[in-house]
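Student: Sequence:
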Amino acid sequence: MPLDPKSCSSQQRVGALVVRALLGAALLTVAGEPLAAQAATRSVIIRGTSIIDPVTGTITPNRTIVVVQGRIATVGGPTTMAPAGARAIDGRGAFAIPGLWDMHAHAVIPGLAETIFPTNIANGITGIREMFGVTTDALRYRSEVQVGRMVGPRFVFAGNIVDGWPPTRPGEVVVRTPAEGRRAVDSLVDAKAEFIKVYSLLDSASFDAIAMEARVRKIPIAGHVPLSVSAVHAAAMGQKSTEHLEGVTAGCATGENAIVDAAVSWLRSRALDSANAPSLMSEMNRRAGPMTATYDVAKCDALLRQLTSLGMWQVPTLGVLRAVSRLSDPALVRAERTKYLPPMLQQMWSGMSARMGTGADTSRRTFHRDIERGIVRRMGVLDLSVLAGTDSPNPFTYPGFGLHDELEHLVDAGLTPLQALRAATWNPAAYFAATDSMGTIARGKVADIVLLNANPLLEIGNTRQIRAVIADGRVFDRAALDALLVEVARVNAAPSPAPPPPPPR
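Numbering follows my numbering, with no gaps: position 105 of the sequence shown is 126.
In case anyone wonders, no lab produced these hints; they're calculated from the structure. What you were told as hints is all true, and nothing was included just to trick you.
Pairs of lysine-lysine, DSS-like flavour, derived with a Cα cap of 27 Å: (1) LYS261 with LYS239; (2) LYS213 with LYS261; (3) LYS213 with LYS239; (4) LYS320 with LYS261.
Start from the sequences, fold in the hints, and give me the full structure.
Tutor: Set out below in structure tokens:
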């Protein structure tokens, strides 16, 4: 659906102001029975839990957490008094962590959000950075969860993707000149987008114009590093995050200049013959060869340090990179999760697997194993800025469940369990300049808390062992979480329309 800026009003900025406004909103309800009708201001007391600080890794045992009106009012000892009428939660033997964030997701999709939203809550994901969509849809869904008609996480959203010519999917804002780039930023700001997502096909002049206009309009840019520029250039122009290691893999190669030059030539030929333009995926696969051949660890370390110093965060999305490299692998199909996946997505994944998953993906598998995972390993060694994101619901990145997969992929690549946990808790708070409101469990912060039955610092897979989710102060115990999943499975079992086009990466 194309953006219609005429129907939208003024800017709602991302960053501290937007996120703090969202943190103050009541965003969660139980499907079918609004929690808003169940004493939204009810107090909660959690006794006997061990609190994990994702910044330091410190575990403080036998703590009492008091929640009042969606905020953490007290973090104290065993003798802390309960507010009158507070709901009591037994936290003995549990580990409390901040609510998880999926920092690259496509959940705000009409016809899919109704089940993707509660599946995320059932997996302890209380926040999402939504990477593509129509701003009017996002505002409508935010209203639905705020008034109690849907279960849903907090989310910060981009509007339509801003990409170059020719377009690769419906709904993109297509930019062919710097002037069009500036107009694209203005229209998205006016439509209340909270950041601008840039994409691979932008030419360098248009990208620079977008970045400069975004600076003027005080809105962040994030997304793919366009093929026409280097990651360092994108970071210097103010790009706040790059997804899927776009630009980083080329920047870790001694042949980076030749790789970018070849991409610029490819973009020009593609624009001149858009009717017969080769796919972006084929170009990305072609680049894997030169990047593998000239990969250099020392250059990569220097690049990663430089990008961090320039303020660019990394969202590796290792799960989707793994899936793209092995679409024909039957091990990607998780039968126990299928009932929680909307049928239209099941059809889409099956079609893409049949169409793209062939023996030709062998070199891409090697690239993922040796280069992409290797770069993440260096991020762990250097202890740099990483954000956990799934890119769900792209093929075999299961909504909700996929974030736990991603944390395991990060640890398997070389991060410590603490670094991986931080990538889904404290680091999102730092990214949004909202560490005063989220990212740790402390007095005055928003009451997004996940109680785990096992310590995730010993085994990151323990983030799956969820006893309860406290979201904006409202409690989903294990029975309520299970009820959410039962309802999702019931809805998904109903007949569905034809599948939508795949979301962008």
